[in-house]
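Produce the complete structure using the sequences and hints provided.
Number of protein chains: 2
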Amino acid sequence: MKQSLGRASIRPEKPVYILNSASTVGTKEGQGPLGLLFDKVGEDDMFGCATWEEAESTLQRDAVGLALEKAGVSPDDISFIFAGDLLGQSIATSFGVSSYQIPLLGVYGACSTCGESLALGTMSISGGFAGRVVCVTSSHFASAEKEFRFPLEYGNQRPLSATWTVTGSGAFVLGDEEAMTAARSWGRGCPRAQITGITLGKIVDYGLKDSMNMGACMAPAAASTLEQHFIDFGSQPDDYDKIITGDLGKVGQRVLIDLLREKNYDISVQHMDCGLEIYDAESQDTHAGGSGCGCSAVTLSAYVLKQLEERNWKKVLFLPTGALLSKTSFNEGKSVPGIAHCVVIESVRNR
Amino acid sequence: MKQSLGRASIRPEKPVYILNSASTVGTKEGQGPLGLLFDKVGEDDMFGCATWEEAESTLQRDAVGLALEKAGVSPDDISFIFAGDLLGQSIATSFGVSSYQIPLLGVYGACSTCGESLALGTMSISGGFAGRVVCVTSSHFASAEKEFRFPLEYGNQRPLSATWTVTGSGAFVLGDEEAMTAARSWGRGCPRAQITGITLGKIVDYGLKDSMNMGACMAPAAASTLEQHFIDFGSQPDDYDKIITGDLGKVGQRVLIDLLREKNYDISVQHMDCGLEIYDAESQDTHAGGSGCGCSAVTLSAYVLKQLEERNWKKVLFLPTGALLSKTSFNEGKSVPGIAHCVVIESVRNR
Chain G
485 MKQSLGRASI RPEKPVYILN SASTVGTKEG QGPLGLLFDK VGEDDMFGCA
535 TWEEAESTLQ RDAVGLALEK AGVSPDDISF IFAGDLLGQS IATSFGVSSY
585 QIPLLGVYGA CSTCGESLAL GTMSISGGFA GRVVCVTSSH FASAEKEFRF
635 PLEYGNQRPL SATWTVTGSG AFVLGDEEAM TAARSWGRGC PRAQITGITL
685 GKIVDYGLKD SMNMGACMAP AAASTLEQHF IDFGSQPDDY DKIITGDLGK
735 VGQRVLIDLL REKNYDISVQ HMDCGLEIYD AESQDTHAGG SGCGCSAVTL
785 SAYVLKQLEE RNWKKVLFLP TGALLSKTSF NEGKSVPGIA HCVVIESVRN
835 R
Chain S
485 MKQSLGRASI RPEKPVYILN SASTVGTKEG QGPLGLLFDK VGEDDMFGCA
535 TWEEAESTLQ RDAVGLALEK AGVSPDDISF IFAGDLLGQS IATSFGVSSY
585 QIPLLGVYGA CSTCGESLAL GTMSISGGFA GRVVCVTSSH FASAEKEFRF
635 PLEYGNQRPL SATWTVTGSG AFVLGDEEAM TAARSWGRGC PRAQITGITL
685 GKIVDYGLKD SMNMGACMAP AAASTLEQHF IDFGSQPDDY DKIITGDLGK
735 VGQRVLIDLL REKNYDISVQ HMDCGLEIYD AESQDTHAGG SGCGCSAVTL
785 SAYVLKQLEE RNWKKVLFLP TGALLSKTSF NEGKSVPGIA HCVVIESVRN
835 R
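Line by line, the protein sequences give chains G and S.
The first sequence begins at 485 in the numbering used here and counts up by one.
The second sequence begins at 485 in the numbering used here and counts up by one.
One or more of the hints may lead you astray.
In this list, chains with the same sequence are indistinguishable; a pair is considered to hold if it fits within one copy or across any two.
What the hints assert, rightly or not - In silico DSSO-like cross-links for lysine-lysine, where the CA-CA straight-line distance does not exceed 30 angstroms:
# : residue 1 : residue 2
1 : K554      : K486
2 : K486      : K498
3 : K524      : K799
4 : K799      : K486
5 : K747      : K799
To be clear, the hints were calculated from the coordinates, so they are not data collected in a lab.
Nothing here was measured: the structure is a model prediction, and the numbers come from that model.
Put into structure tokens, the structure is as follows:
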């Protein structure tokens with residue numbers, strides 16, 4: 485069984501389904517344009533916890549719990565969980581998913597982590613290593629500001645190119661044909677969609693150092709992965725109903741479209757960015773858009789998969805984008821390299 | 485093709501080989517009992533760089549470069565690289581491996597990361613997703629002290645249960661049958677060994693909070709993964725020449741042996757800990773032993789694989805152990821949960 489397609493791309497031979505998924509978000513996300521679509525909106529952003537990090541762990545725990553419930557399975561039915569977040573040593577994950585006692589594979593790709601976890605989950609199922617896996621990622625506005633930028637109490641000004649870290653977590657239960665058939669026999673409306681391709685990204689570093697303009701830092705990586713994807717799959721932008729980046733925001737979107745035009749790909753019609761969908765930039769004062777590991781994950785679960793279920797869209801490219809920086813690398817004057825991993829998601833007939 | 489064996493375990497159906505590997509270390513490791521076995525020992529621990537983080541990146545870059553060279557392949561021959569370290573946002577990895585321009589899958593499992601990367605690498609090859617992958621992990625004493633503990637200038641006292649973070653990086657080129665045959669035809673003495681099984685671990689939290697006694701924090705996770713492994717593979721401790729943990733050190737070793745005795749497994753004869761092998765505790769003042777993502781990786785590459793090549797050992801269990809803490813989680817009074825992933829490595833006849 486050869487499931488590779490070129491060096492960086494994969495076409496799974498065994499079908500891989502998104503059996504179900506769930507999204508949990510904070511109050512600001514609940515008030516945004518997608519607010520009504522999320523499974524759970526917190527009453528405040530502490531979720532009953534004492535610290536922001538614990539609050540983020542709770543977001544993950546709730547998202548996984550809800551996704552399992554919706555898929556009609558228990559933690560014992562899951563072979564492994566691919567999980568990650570933005571905090572140092574992925575600490576929101578460690579304390580978020582431990583109670584489920586599922587073998588854990590921690591992943592880190594900054595805000596591209598949702599794509600990475602779905603890619604690895606797809607491989608583990610199509611490779612015959614697991615019947616069902618869970619992929620979960622999260623971010624939290626306040627824990628991310630503390631980790632990367634300034635104490636909230638400073639009340640520092642944010643440039644217009646800055647994005648707003650999404651408080652949210654998205655969890656996905658992936659399964660093979662057998663798991664899908666079982667779920668159907670239990671009367672679950674499933675699967676939500678099918679994963680039919682992957683293109684993994686490499687680090688792209690244009691030398692940009694402005695951590696308040698992460699869209700521009702990540703756009704070259706998105707362009708690189710997309711170009712590789714079109715080559716490996718022999719496809720064109722209009723083969724997809726939507727080409728969905730994670731959190732490029734307003735600035736990064738322009739850069740991406742321009743960079744791909746230079747390569748003779750025009751994605752201006754199909755392009756959508758989760759960071760631009762999740763907030764109303766004007767009324768919610770989020771500047772360039774939303775960002776974070778949670779941004780693409782909750783938008784995929786709440787909005788994108790819904791469109792695929794309703795067959796408004798048949799086939800999309802989902803491409804979370806990550807900015808590989810830390811407080812230390814920023815303080816030491818390093819650049820902000822980007823990375824992006826791409827997943828092809830298709831609607832399933834006769835759900 | 486069903487390659488799972490119980491929920492957490494995998495027996496690869498397609499053979500997966502460690503084609504070659506390399507280790508780079510700092511001066512202290514070079515002066516230790518394994519000193520002569522490492523591929524590259526730095527003249528000092530800065531490796532010509534301006535910061536400790538850059539020094540750690542250089543360790544990774546050199547380890548990958550050497551491993552590729554020894555395997556006789558170029559970066560373009562590698563499908564993906566599984567890489568990670570201990571620093572916030574895995575920053576040593578981002579700046580360590582980017583120059584190779586190989587699609588990157590970032591992994592995080594604290595000091596268990598070497599096991600996680602080998603497990604995922606094995607899956608990607610046995611699943612037919614890649615012909616060759618690289619797995620690399622690193623740690624650096626000074627960057628880790630800065631990340632987790634005190635400024636070195638404090639000269640703080642360290643309790644006897646504390647371990648010493650290894651400055652080092654180990655890189656492994658995994659490949660399938662075809663890649664192995666190709667390497668042989670080029671006259672490379674290869675493969676170093678074969679990976680024949682995996683057991684993935686879950687988070688185990690006994691509620692211990694002493695970050696200066698990580699051996700005790702991680703031992704329960706090692707015991708849990710080992711017990712699961714023996715059950716899933718229907719094996720016993722004496723089926724292995726060595727059972728090799730990553731960095732439990734003196735204290736953790738005792739705890740692990742005791743915990744497994746309660747489950748009726750006696751591993752006291754077979755057990756070896758990389759952290760206890762890499763330094764001479766007395767003359768090098770390293771207290772409970774070595775630790776870090778690099779500890780198990782460089783010991784595997786320099787020492788364990790050598791024993792397998794020379795057929796002094798035929799079959800070992802390699803079980804890197806991780807302590808899932810961050811500065812923030814420690815300061816917020818959280819416990820230090822552990823995790824451990826297990827890889828079965830066997831010697832290959834007719835190399």
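Cross-check of the supplied hints:
1. K554 / K486: between (33 angstroms within a copy, 26 angstroms between copies)
2. K486 / K498: both (11 angstroms within a copy, 11 angstroms between copies)
3. K524 / K799: Classified as within: same-chain Cα gap 27 angstroms, cross-chain 49 angstroms, threshold 30 angstroms.
4. K799 / K486: Both, since 23 angstroms and 29 angstroms are each at most 30 angstroms.
5. K747 / K799: within (23 angstroms within a copy, 51 angstroms between copies)
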